[in-house]
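S.K.: Top to bottom, those sequences are chains A and B. So for the first sequence, our numbering puts the first residue at 1; every next one is plus one. So for the second sequence, our numbering puts the first residue at 1001; every next one is plus one.
For the record, the hints were derived by calculation from the structure and aren't laboratory data. Predicted, not measured: the structure shown is a model, and the values here were computed from it. We treat Cβ as the ideally placed atom computed from N, Cα and C, and that holds for glycine. Be a bit skeptical, because a hint or two may be false.
Stated by the list, open to error - Each computed BS3-like pair below joins lysine-lysine, with the alpha-carbon atoms no more than 30 Å apart:
#, chain 1, residue 1, chain 2, residue 2
1, A, Lys121, A, Lys43
2, A, Lys91, B, Lys1040
3, A, Lys121, A, Lys53
4, B, Lys1043, A, Lys127
5, A, Lys91, B, Lys1128
6, A, Lys91, A, Lys77
7, B, Lys1121, B, Lys1043
8, A, Lys53, B, Lys1053
9, B, Lys1091, B, Lys1128
10, B, Lys1053, A, Lys128
11, A, Lys127, A, Lys91
12, B, Lys1128, B, Lys1077
13, B, Lys1053, A, Lys91
14, A, Lys127, B, Lys1127
Unchecked claim - Far from chain B, by Cβ distances over 12 Å, these chain A residues were calculated:
#, residue
15, Glu13
16, Asp28
17, Ala37
18, Gly44
19, Ile79
20, Glu83
21, Arg85
22, Arg87
23, Phe133
24, Ala139
Stated by the list, open to error - Some chain B residues flagged as far from chain A (calculated, every beta-carbon gap over 12 Å):
#, residue
25, Thr1008
26, Asn1062
27, Ile1073
28, Val1096
29, Lys1127
Number of protein chains: 2
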Amino acid sequence: MSREATTTDPRQEILRVSARLFQEQGYDGTSMNDVAAALKLSKGGLYHHFQSKDEILFNLMNHAMDITEERVINRVKAIPDPEERLRMLIKLHIGVVLSEGDREITVMLHENHPLPPTLRKRINARKKDYVHFLENLIAEVQRTRQLRGTVTPRAAAFALLGMINWIYQWYRPEGALQEESLAQQYTEIFFQGAFG
Amino acid sequence: MSREATTTDPRQEILRVSARLFQEQGYDGTSMNDVAAALKLSKGGLYHHFQSKDEILFNLMNHAMDITEERVINRVKAIPDPEERLRMLIKLHIGVVLSEGDREITVMLHENHPLPPTLRKRINARKKDYVHFLENLIAEVQRTRQLRGTVTPRAAAFALLGMINWIYQWYRPEGALQEESLAQQYTEIFFQGAFG
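With the hints as extra help, turn the sequences into a complete structure.
M.R.: In structure tokens, the structure reads:
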């Protein structure tokens, strides 16, 4: 395979263009023909990579989970202090949500799309892994601080994921509340809220 | 109009059935014919109430905002103490999110559906009114407590809305985390987080 072919991965390109079309005209309103046309591919060329729209959607969601794993979990795992690990997780996760290049892919995780049950289960399993990672980290911070509060790590994990993943709904690049201030304030709210 | 006709409002019934179909088979995957068939209405009977699917979606979102206004804002407005007002708002808003009867309607507010820009603007204006109501209430509590913290009412309002509206994504009626405990823990997290 030539060097050029490896630098622009055709599957990634198909996923990115599909994500944009799904956002613009809806998942059901987008056909495999639309995807092929937008990529200037023949229908056969597209089917060579993905057999169906379900397969594209599944791979899109899977890719969104890869992004979260690579840019958040893998980067914080090695931080020895649990509190620092959690602070960095909040900062990096907000970074992923606000990343212009990835936003159209990661937002797909949260829309109610009709994925076949077996594929839906595989995505949900990865989402649950993330929740558990966060829940364990919160429990670790609580132990370090010797807290015996009434806030459970589970409720705190869902609260934090809600705060961060909801940013998609209201954030505007031209708005007053920008990444650095947002990350700082959300960290403060969450740390006081869960460990205060 | 007979008493029976007023107790089962046909427009409300159309909206409720449409919401269910949109959830099950997607907005784009649902036709006006599907809606009419599910209601055992003639196509003319349906068009008598709503001219298009866009009109149904707009009225559905508008109805979801009515529910929020009636069951949350209108019920807390008269509470004189701002802190009590905010505690009650959190409890009631979580109640709306978890309400089995309204869930399929209110969840429509958060999906990325292709509403025409003029209608989209009207829904967004109502959403903004809710954010502002919450933001002002948080500012009032901060003043009462004479806080000069670094958490702004705006960031705090978005954090709280995220926590609550995200519940749709993970809540299971058979799960361990139920309404009363959830409301209590979220209130604690938020109060410590924003005013701690």
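S.K.: Take the hints in turn and mark each one as holding or not.
M.R.: We went through each hint and held it up to the structure:
no., hint, verdict
1, Lys121(A) with Lys43(A), "holds, 29 Å"
2, Lys91(A) with Lys1040(B), "violated, 52 Å"
3, Lys121(A) with Lys53(A), "holds, 17 Å"
4, Lys1043(B) with Lys127(A), "violated, 42 Å"
5, Lys91(A) with Lys1128(B), "holds, 26 Å"
6, Lys91(A) with Lys77(A), "holds, 14 Å"
7, Lys1121(B) with Lys1043(B), "holds, 29 Å"
8, Lys53(A) with Lys1053(B), "holds, 24 Å"
9, Lys1091(B) with Lys1128(B), "holds, 20 Å"
10, Lys1053(B) with Lys128(A), "violated, 35 Å"
11, Lys127(A) with Lys91(A), "holds, 19 Å"
12, Lys1128(B) with Lys1077(B), "holds, 17 Å"
13, Lys1053(B) with Lys91(A), "violated, 41 Å"
14, Lys127(A) with Lys1127(B), "holds, 28 Å"
15, Glu13, "holds, 22 Å"
16, Asp28, "violated, 3 Å"
17, Ala37, "holds, 18 Å"
18, Gly44, "holds, 26 Å"
19, Ile79, "holds, 23 Å"
20, Glu83, "holds, 16 Å"
21, Arg85, "holds, 19 Å"
22, Arg87, "holds, 15 Å"
23, Phe133, "holds, 15 Å"
24, Ala139, "holds, 14 Å"
25, Thr1008, "holds, 27 Å"
26, Asn1062, "holds, 18 Å"
27, Ile1073, "holds, 18 Å"
28, Val1096, "holds, 15 Å"
29, Lys1127, "violated, 9 Å"
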